[in-house]
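Participant: Given next are the chains, with one letter for each unit.
Number of protein chains: 2
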Amino acid sequence: MDRLMDIPSSAELKRVVVVGGGFAGLNFCKRLKDERFQIVLLDKTNHHNFQPLLYQVATAGVEPSSISFPFRSLFAGRKNFHIRMCEVLETDAETQEVKTSIGRLHYDYLVIATGCDTNYFGNKALEENTMALKTTAEALYNRNHILESFERAVDTDDMQEREKLLTFVVVGGGATGVELAGALAEMRRFVLRKDYPDLDVDKMRIILVDGKDRLLYSFKPKSSREAEEYLRYRGVELKQKTRVLGYENEVLRLSNEEIPTANVFWTAGVIANSMGGFSSDMYGHGNRLIVDEFNRVGGYKNVFALGDTALMKQKDWPDGHPQVAQPAMQQADNCADNILAMENGEALKPFKYHDRGSMATIGRNHAVVETKGLVFGGFLGWLVWLVIHLMNIVGFKNRLLIFIDWVWSYFTHNSNLRIVVRPLIKGDRLYRLMKAQEQIREQKHKKTDNS
Amino acid sequence: MDRLMDIPSSAELKRVVVVGGGFAGLNFCKRLKDERFQIVLLDKTNHHNFQPLLYQVATAGVEPSSISFPFRSLFAGRKNFHIRMCEVLETDAETQEVKTSIGRLHYDYLVIATGCDTNYFGNKALEENTMALKTTAEALYNRNHILESFERAVDTDDMQEREKLLTFVVVGGGATGVELAGALAEMRRFVLRKDYPDLDVDKMRIILVDGKDRLLYSFKPKSSREAEEYLRYRGVELKQKTRVLGYENEVLRLSNEEIPTANVFWTAGVIANSMGGFSSDMYGHGNRLIVDEFNRVGGYKNVFALGDTALMKQKDWPDGHPQVAQPAMQQADNCADNILAMENGEALKPFKYHDRGSMATIGRNHAVVETKGLVFGGFLGWLVWLVIHLMNIVGFKNRLLIFIDWVWSYFTHNSNLRIVVRPLIKGDRLYRLMKAQEQIREQKHKKTDNS
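One line per chain: the protein sequences are A and B, in this order.
One point on numbering: in UniProt numbering, the residue at position 20 of the first sequence is 20, and numbering is uninterrupted.
One point on numbering: in UniProt numbering, the residue at position 149 of the second sequence is 149, and numbering is uninterrupted.
Because the hints were derived from the structure by calculation, they are not lab data.
Fair warning: there could be bad hints in the mix.
Which copy? The list can't say, so a pair holds if one copy fits it or any two copies do.
To be verified - List time: in silico BS3-like cross-link candidates among lysine-lysine, alpha-carbon distance up to 30 Å: (1) K220 x K33; (2) K134 x K44; (3) K44 x K164; (4) K14 x K241; (5) K194 x K222; (6) K220 x K203; (7) K203 x K44; (8) K194 x K99; (9) K203 x K99; (10) K220 x K44; (11) K220 x K124; (12) K203 x K352; (13) K315 x K372; (14) K222 x K30; (15) K124 x K315; (16) K14 x K194; (17) K164 x K30; (18) K164 x K99; (19) K30 x K194; (20) K372 x K352; (21) K203 x K315; (22) K372 x K164; (23) K124 x K239; (24) K124 x K222; (25) K79 x K212.
Chain A on its own, in the form it takes in the complex (with noise of 0.2 Å):
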C-alpha cells in the first residue's frame, strides 16, 4: 500500500525508526531518550516476549502473560514515542523509507532488529509437520498439542498409536532443545503421573536428537557433561550423532533409525528475519545483515542492524557474536550511544562484547552456568540470571509484582495452566469469523491504495 503511515512530522525532531521489540529493539528504545529524537517502535505484536522462557509456556509452566511485555505499558509516558503494530516489508535506504503492511515511512536513522526465526534448512517435510519455540502462538499451539496427545493416548486401545501419542522428539542439543526435554521430562514427573493415573508414566519417552557429539556445543564440554548426565537421570534419552532425514505420516526417519512419534519439536537451528531492500552480498551466514563495529549495514551511516539479525566479525569473534541476549543488550546500547553521539558531532565507539557468561535451563530450578572463567551449575546461578535477564524487562516500571506473579506461577505447578484451547478449529464459527475480517481489511487496503 502507498500511504503514508500517520505519524506526526516535525523539523524539529530526528525520527528513528526501530524494526522489532525483541532484547536489541526494546533496549535501544529505553537506552536512547534525547529529547531530539523522535522514536518510532514497529513490530508484528504489540508485546515484547521473554523468549528464553518460552518453553516454560510449551510445558504448562508460565501463562504467556507471565512472560510478555505489551510495548504501550513498558513505553506509557514517553514523549515523541509512536508504536505501530504491523510487518515491515522493504527498506529503500536511499530514500530512507521503509515499506509496512500498513503504510510508507520516513526515517533519520534505521535501526533493524527483527531477531530469528526457526531455519529448517529447506527441508518442507520437517518445516510443515514438525513444531517450533519462537513466538508466544507457537508455545500456546505446542501446549495445546501436548495435552492433547496425552488425551488421545488415555483414549485408544490401539498400542502402537499410544506409543505414538507418547514419544515425544526433541531435534536440537541447544539451549531450547536441552530446556524443552527437561521441562517434559518435568511434565512425566508431576503431570502425567498425577493428570492420568491410567497411563502407564514409563511409556512415556522424551527422546533428545541432536547432529554433534555433545550437547551445549557452544559451552565447555563440563556444562554439556553436566546436562547430558541429568537429562537421562531424568530419563531423557540421548541420541547424538544423529541428523533427521525427515518426518512423514508420523515417522521420524533418523540416520541410523525410525522413530513413530506424533510430537516433534524443531529446535535446531535459526535464521535470521529479514526484509526486502538489501542485496545478497550484504548478507552473511545465517541470513544475518554484515555490520561493521558500529553495527552499521552496507555502507549506510544511518541504518544499523542489533542482535540476532546482524553479523559483526570481530577479533574474538570470527563468526559474530552468539545468537542471544546479551550480544544484542550490548549492541543496543552502544548504537543508542552512537546515534547520539552523531548527532552531538562526537566520535563513534566501536562495539566491544562483554562476555558475562552463558546459562541452560535443564530441569526445574537446576542449570548449566559459566561466567568468568567459572563453570558451575544449580539453582542459585539459575535464578541470578533469571533474575539478571528479567530485571532488564521489568526494571522499566516497578513491575516487580509481576515478577513474583511469574515466581508464584512457577513454582506452585499451577494445574490450571494445563488447559487445552484451540481458537480455530474446522467448521468452527471462530475460523469463519476471522476470515470474513481478514476479507473486510483485504478490500479495506486495496480501496486505499487505488485511492
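Could you slot chain B onto chain A? The hints should help.
Facilitator: Frame of chain A, contents of chain B only:
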C-alpha cells in the same frame, strides 16, 4: 466411528455417563461419590470454565487460566472416574449408548448437561460477523479483536474508519451484555487513556442495544434502574426498545438507525446445545429437553438432563428455571441423590428450586444483587456472590491459592494481559501445521471405521 471407547467395564459397577462439565455436570460428579458407580465425564474441552467471568477474559481483566479448571486436576485421585475429551454426537436410549467422536459407549445412567450456545435466531449475517462470548476461545478472540481495533485506530488517518474502529456495540441487555458494556467502559477509563495517548478517549463509543424497555429484564425494576444509571454515568449509550436487523460491511442496522462499527458483540440470546437421538417433541422452547420433576427425559428412567439444557415447568416456574448457575447446581445435587436412591430402592425426590437470588456486575466491583427480598448494589454483594460461586469449584481441593491469584490479577489491572496472540493467521506456518495434523487424524478415523 464404530469402535467402542476404551473404558473398563465391570458387572459390579453401574456406569454413569455425564455429558458436559459445566456447573451442572461438575456438581453432579462432585456429589455422586458412591463405590457402586463408575463415572465417565465427556466434554469437548479438558476444563471447566467459569462462564460468569468470561467477559473479564474478553476485556483483558483476567487470564483464561484464572477461571479455567482442568477436570483432571479437579478429579485427581477419584476412583472409577474417567475423563474423555470428545464430542457427543447421538444418544440411543433403547440400546443405552452414546455415540461420540472417539467411539461408542454404553451407559446405565445418562446425564445430559450440555449447556447453551449463542442464539442468532437464524440470522446468518449476525452469526458470521458478530462476536459471541460463550467459550474461552471466543473470549480470547474478542480480547485480540478489541486490542487490534485500538491499534488500527491509532494508525488510520481516515476519521470515518477510526470512528468505526472505536465504536463498540453490545447487543443484549441481560447480565452478560450489561457486564460486557460495563467492562468496556472500564477499558476506556483505564486502558485507552493510559496506553493510547494518541487517541482521543472521548472518541471511543460504547453502545448497548436491547429490545426491551429496561435492562436486566429478569431482575426487579429497581436493579434495572441502577444498572441503567451506572452505565450512563460511565458513558455507555443505551439504545432500548431497539431491534437489530442486520450487520453487513461494518454497518449495524437497527430498527431506527444505522451504526458504522467494526466491533459488535452478540449476547442477545441463548439456545441449548443438543445432540442427536431425541425426537422433536422431546424439546421445548430454546431447544431445551423437556424433563419431569426428577429431571428425566422422554419418559426414560435412566436419562436425565440438567441445567441450561433442561426445561422443567413447575408451579412457580411455568417457563422453566432461569438458565444460570444456581438451578444447574441444585438440579445436579438432586439428580445425584436420586440416582443413588434408585440403586438403594428408595423413593425419588422431586426437584425444588431454592432461589438464592440473582446478581449482575455492572462495573469493576459494582453489582446489583437481589436475594431473599433484598435488593442492593455495590461491592459487598459482588464479593459475596463471587466467593459463593467460586467456592463451589475451588472447594474441590484446597484451591484457595488460585482464588487469591485471581483476585490479585483482577485488582492490580495487570497490563500484561493486554497481549495480542493470534495463533493462526493466513499463510502462517501454524495454520498449515494444524491442517496437516487434522488430516492425519481424519485418516486414522477412516481407518478405524473401515476396520
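Participant: If a hint holds in the structure, say so; if it doesn't, say that too.
Facilitator: A quick look at each hint next to the structure:
1. Proximity of K220 to K33 under the C-alpha cut-off of 30 Å is found in neither arrangement, the shortest distances being 39 Å within a copy and 57 Å between copies.
2. Taking identical chains as interchangeable, the C-alpha atoms of K134 and K44 lie at most 30 Å apart whether they share a chain (13 Å) or sit on different chains (29 Å).
3. When the C-alpha separation of K44 and K164 is checked against a cutoff of 30 Å, the pair qualifies only between copies, where the shortest distance is 23 Å, while the shortest distance within a copy is 35 Å.
4. Proximity of K14 to K241 under the C-alpha cut-off of 30 Å is found in neither arrangement, the shortest distances being 52 Å within a copy and 54 Å between copies.
5. In this assembly of identical chains, the alpha carbons of K194 and K222 never lie at most 30 Å apart, being 35 Å within a copy and 50 Å across copies at closest.
6. For the homomeric pair K220 and K203, neither the shortest alpha-carbon distance inside one copy (33 Å) nor that between copies (59 Å) is at most 30 Å.
7. When the C-alpha separation of K203 and K44 is checked against a cutoff of 30 Å, the pair qualifies only between copies, where the shortest distance is 26 Å, while the shortest distance within a copy is 40 Å.
8. Taking the shortest alpha-carbon separations for K194 and K99, only the inter-copy value of 29 Å comes in at or below 30 Å, while the best intra-copy value is 52 Å.
9. Within a single copy, K203 and K99 get their C-alpha atoms only as close as 52 Å, which misses the 30 Å cut-off; across copies the closest is 29 Å, which meets it.
10. Taking the shortest Cα distances, K220 and K44 never come within 30 Å of each other, neither inside one copy (36 Å) nor across copies (48 Å).
11. Within a single copy, K220 and K124 get their C-alpha atoms no closer than 33 Å, and across copies no closer than 63 Å, so neither meets the 30 Å cut-off.
12. Taking the closest pair of Cα atoms, K203 and K352 never come within 30 Å of each other, the shortest separation being 50 Å inside a single copy and 49 Å across copies.
13. For the identical chains of this complex, K315 and K372 are intra-copy neighbours only, at 19 Å inside a copy versus 80 Å across copies, given an alpha-carbon limit of 30 Å.
14. Proximity of K222 to K30 under the C-alpha cut-off of 30 Å is found in neither arrangement, the shortest distances being 37 Å within a copy and 52 Å between copies.
15. Taking CA atoms no more than 30 Å apart as the test, K124 paired with K315 passes in neither setting, with 37 Å inside one copy and 66 Å between copies.
16. Taking the closest pair of Cα atoms, K14 and K194 come within 30 Å of each other only across two copies (25 Å); inside a single copy the shortest separation is 58 Å, beyond that limit.
17. For the identical chains of this complex, K164 and K30 are neighbours neither inside a copy (47 Å) nor across copies (34 Å), given an alpha-carbon limit of 30 Å.
18. In this assembly of identical chains, K164 and K99 lie within 30 Å of each other by CA distance solely across copies; the values are 25 Å between and 46 Å within a copy.
19. When the C-alpha separation of K30 and K194 is checked against a cutoff of 30 Å, the pair qualifies only between copies, where the shortest distance is 19 Å, while the shortest distance within a copy is 44 Å.
20. Proximity of K372 to K352 under the C-alpha cut-off of 30 Å is restricted to the intra-copy arrangement: shortest distance 16 Å within a copy versus 73 Å between copies.
21. For the identical chains of this complex, K203 and K315 are neighbours neither inside a copy (50 Å) nor across copies (57 Å), given an alpha-carbon limit of 30 Å.
22. With identical chains, the CA atoms of K372 and K164 are never at most 30 Å apart, being 44 Å at best within one copy and 57 Å at best between copies.
23. For a Cα distance limit of 30 Å, the shortest separation of K124 from K239 inside one copy, 23 Å, qualifies, whereas the shortest one across copies, 54 Å, does not.
24. When the C-alpha separation of K124 and K222 is checked against a cutoff of 30 Å, the pair qualifies neither within a copy, at 36 Å, nor between copies, at 64 Å.
25. Neither within a single protomer nor between protomers do K79 and K212 lie at most 30 Å apart by alpha-carbon distance, with minima of 49 Å and 47 Å respectively.
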